[in-house]
Amino acid sequence: MRIPFLSLFVTSPFEGLLEHAEKVKECAWAFQQAIECHVSDRCRQFEELRREVSKLENQADNIKRRIRGHLPIGTLMPVSKFQLFRYLREQDQVMDAVKDALNWISYRSEPGIPAELEKYVFLLVDAAVEPLEELSLMVAGAKSYFETYSEKQRVAVKEIISKVRAQEHAADKAEAEIKRQVFNMDIDPVTVFHMVRLAETIGSIADHAENAGDMMRAMLAR
Amino acid sequence: MLSESMVLVFGYVVGFYMSWNIGANDVANSMASAVGAKAITIRQAIFIAGILNCVGATFIGAQVTNTIRKGIVSTDVLSDPHLALIGAFSALLAAALWVSFATWKSLPVSTTHSIVGAMIGFGIMAGGFTVINWGKLGAVVASWVISPIFSLIISWSMFKIIVKFILRKRDALRWALRLSPIFIGLTVFVVVLSFLFKTPLGKTLSLGTPVAIAIAAIVGALIGLLGQRLLIRFVPKDESGTEEVFRKIQIGTSCYVALAQGANDVANAIGPLAVIYFLVKTGTVGAKVPVPLFLLLFGGIGIACGIGMAGHRVMDTIGNKITTLTNTRGFAVDFAAATTVLIASKMGLPVSTTHAAVGGVMGVGLARGIEAVNFRILYKIVLYWVLTVPAAALTSMVVFKLLEIFM
Chain A
409 MRIPFLSLFV
419 TSPFEGLLEH
429 AEKVKECAWA
439 FQQAIECHVS
449 DRCRQFEELR
459 REVSKLENQA
469 DNIKRRIRGH
479 LPIGTLMPVS
489 KFQLFRYLRE
499 QDQVMDAVKD
509 ALNWISYRSE
519 PGIPAELEKY
529 VFLLVDAAVE
539 PLEELSLMVA
549 GAKSYFETYS
559 EKQRVAVKEI
569 ISKVRAQEHA
579 ADKAEAEIKR
589 QVFNMDIDPV
599 TVFHMVRLAE
609 TIGSIADHAE
619 NAGDMMRAML
629 AR
Chain B
56 MLSESMVLVF
66 GYVVGFYMSW
76 NIGANDVANS
86 MASAVGAKAI
96 TIRQAIFIAG
106 ILNCVGATFI
116 GAQVTNTIRK
126 GIVSTDVLSD
136 PHLALIGAFS
146 ALLAAALWVS
156 FATWKSLPVS
166 TTHSIVGAMI
176 GFGIMAGGFT
186 VINWGKLGAV
196 VASWVISPIF
206 SLIISWSMFK
216 IIVKFILRKR
226 DALRWALRLS
236 PIFIGLTVFV
246 VVLSFLFKTP
256 LGKTLSLGTP
266 VAIAIAAIVG
276 ALIGLLGQRL
286 LIRFVPKDES
296 GTEEVFRKIQ
306 IGTSCYVALA
316 QGANDVANAI
326 GPLAVIYFLV
336 KTGTVGAKVP
346 VPLFLLLFGG
356 IGIACGIGMA
366 GHRVMDTIGN
376 KITTLTNTRG
386 FAVDFAAATT
396 VLIASKMGLP
406 VSTTHAAVGG
416 VMGVGLARGI
426 EAVNFRILYK
436 IVLYWVLTVP
446 AAALTSMVVF
456 KLLEIFM
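Chains as they are written, first to last, in the numbering used here: chain A, 409 to 630; chain B, 56 to 462.
Just so you know, the hints here were simulated from the structure itself, not pulled from any lab data.
Glycine is no exception: its CB is placed at the ideal position from the N, C-alpha and C atoms.
Wrong hints could be hidden among the right ones.
To be verified - Chain A is faced by these chain B residues, among others (derived, beta-carbon under 10 Å):
{"hint": "1", "residue": "Ala-87"}
{"hint": "2", "residue": "Glu-294"}
{"hint": "3", "residue": "Thr-378"}
{"hint": "4", "residue": "Thr-379"}
{"hint": "5", "residue": "Lys-435"}
Stated by the list, open to error - Derived DEER-like restraints, expressed as beta-carbon distance ranges:
{"hint": "6", "chain 1": "B", "residue 1": "Lys-376", "chain 2": "A", "residue 2": "Glu-518", "range": "52 to 58 Å"}
{"hint": "7", "chain 1": "A", "residue 1": "Ser-415", "chain 2": "B", "residue 2": "Lys-401", "range": "25 to 31 Å"}
{"hint": "8", "chain 1": "B", "residue 1": "Lys-376", "chain 2": "A", "residue 2": "Arg-573", "range": "37 to 43 Å"}
{"hint": "9", "chain 1": "A", "residue 1": "Arg-588", "chain 2": "B", "residue 2": "Lys-376", "range": "31 to 37 Å"}
{"hint": "10", "chain 1": "A", "residue 1": "Arg-588", "chain 2": "B", "residue 2": "Arg-431", "range": "54 to 60 Å"}
I would like the entire structure built from these sequences, with the hints used as guidance.
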């Protein structure tokens, strides 16, 4: 059928972006469960949850590749292609960091997290997980903004971005606290190294979420 | 030599086939944005397109058509009636065949360009290369480039205006309703103007340009204000309201596109048929022939049949594939395409509805209105547009040679 009109329309990358953000959200839940399981004494599900996160990360990778591979040269979008790809990269790195954190724990599952640090680890995890849930809201809001160009919608997305930024700040503080504590404890240096690296990896989840938020802010600029 | 009635029947058949093709192919372009934006259902689109193409063809379609479209080929070739008859046949048949081939192969060609190419082919066969008016041909070719650009500019501006004055406002719905008379009025203004300038009814009134503009402005203002009242009454007062306002207006603009399309495209099929008709009836033909109303109606019915039979499949594809077009965008596209086509046909330039619609989509895309538009399709369109004219010309030459043997 001869419809030149049709070939003008390319599948919207925002659909894929939203799908990717949903994967991040699913992953957040599994990540939180895994950490809680690891901290508690009788943990049997950790390995299962870690594999779940790996699987989700793999699916998200496929979505990412699909978005990148299906934007022909000369595609015009409400945002620049590079902004979109930068955003996607950050959102993807969020998942990578989640996966890395769980992998890092699995390399040395015994003796686990020192009891004195549990509180701070939970604080850090909470601060890192919350932005993951915000990301899908943010993408959905942005998608709707590019449809309606409504100022209200734009403000709503900007609010989500500043929320993500605040959470990143909280995560930073928790991360610093863990490091400060762990260096002043009388434990073996391997545990110190393991904890410091773990705190940094979990902290980077929030960092990448914040970067994604910043890229989103750039896309929203008028 | 075939008998007169045989020639005429054969002419009708080929003319019908060509207008059927126009309906089957071009309906997609006029109704695509409305169906894609879910302003109307597929069934409604077919109904509106069928009826209004027919009405547009019959009442706004050119009553006097240049025998050789737009004087690209010198009328010297028409001095021999026998040759002219064969020529008209070969042009019509070649254009129809080429469009059918393009349909089968999914090539984005234009019915308008096919008939122009076919006419050139016939001209070359009948009188050699000297009969081709290359300057005129250049002007026509230029209009093909200008029409999408013109449409692009209109839709770009229209969408920018909608974004700036309505969508970005805090109470978008109120602004949409407040400004709705302007959008409705503008559309009505262009329609009324083209009615006054182009239809026999308008010509018998013989109004001067300023008077016609004044009348169109008054009618536009009145209908605009009336439309606003109806919108205030029927549009839901919530978030979805803004798009809803444009959804309602878009029903109007898609009618406007169908009307413009019928008026513009019917000559592609009926022009050569009119030549055949006059050669058979009177034995001679001049530079211009009056086209009887029943021929225009015949062409309109042909287009409507094409829409009715092939339209469903086209619309179905469109409805499923174009999901990123909302009503505000659809309105901008429709308005730009129809205005371009009406202005071009007023200036006597054979432009393609397809290209006007494509230009309209690009304009909205450039105004950052669509989530993803592929601009590379432009190259493809330009390529096939360059190919269409020689291809149709060659087909026409071959058909001409064949017919010369039989007739």
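*Closer than 10 Å between Cβ atoms is the bar; does B:Ala-87 clear it against chain A? Give me holds or violated.*
Status holds, d = 5 Å.
*Lying within 52 to 58 Å: is that true of the beta-carbon distance B:Lys-376 to A:Glu-518?*
56 Å, holds
*With respect to the beta-carbon atoms only, verify the hint that A:Arg-588 and B:Lys-376 lie 31 to 37 Å apart.*
Check failed, 57 Å falls outside 31 to 37 Å.
*Between B:Lys-376 and A:Arg-573, is the Cβ distance one that fits in 37 to 43 Å?*
Given a distance of about 39 Å, which is inside 37 to 43 Å, the answer is holds.
*Cut-off 10 Å, beta-carbon criterion: hint that B:Lys-435 touches chain A*: 7 Å, holds
*chain A contact restraint on B:Thr-379 - CB to CB distance below 10 Å*: 5 Å, holds
_Can you verify the interface hint for B:Thr-378: is its Cβ closer than 10 Å to any Cβ in chain A?_
8 Å, holds
*asked:* Can you tell me whether the CB distance of A:Arg-588 to B:Arg-431 sits inside 54 to 60 Å?
replied: 56 Å, holds
*Taking the CB of A:Ser-415 and the CB of B:Lys-401, does the distance hold inside 25 to 31 Å?*
30 Å, holds
*Against chain A, run the beta carbon of B:Glu-294 and see if the smallest gap drops under 10 Å.*
8 Å, holds
Of the numbered hints stated above, the single one contradicted by the structure is hint 9.
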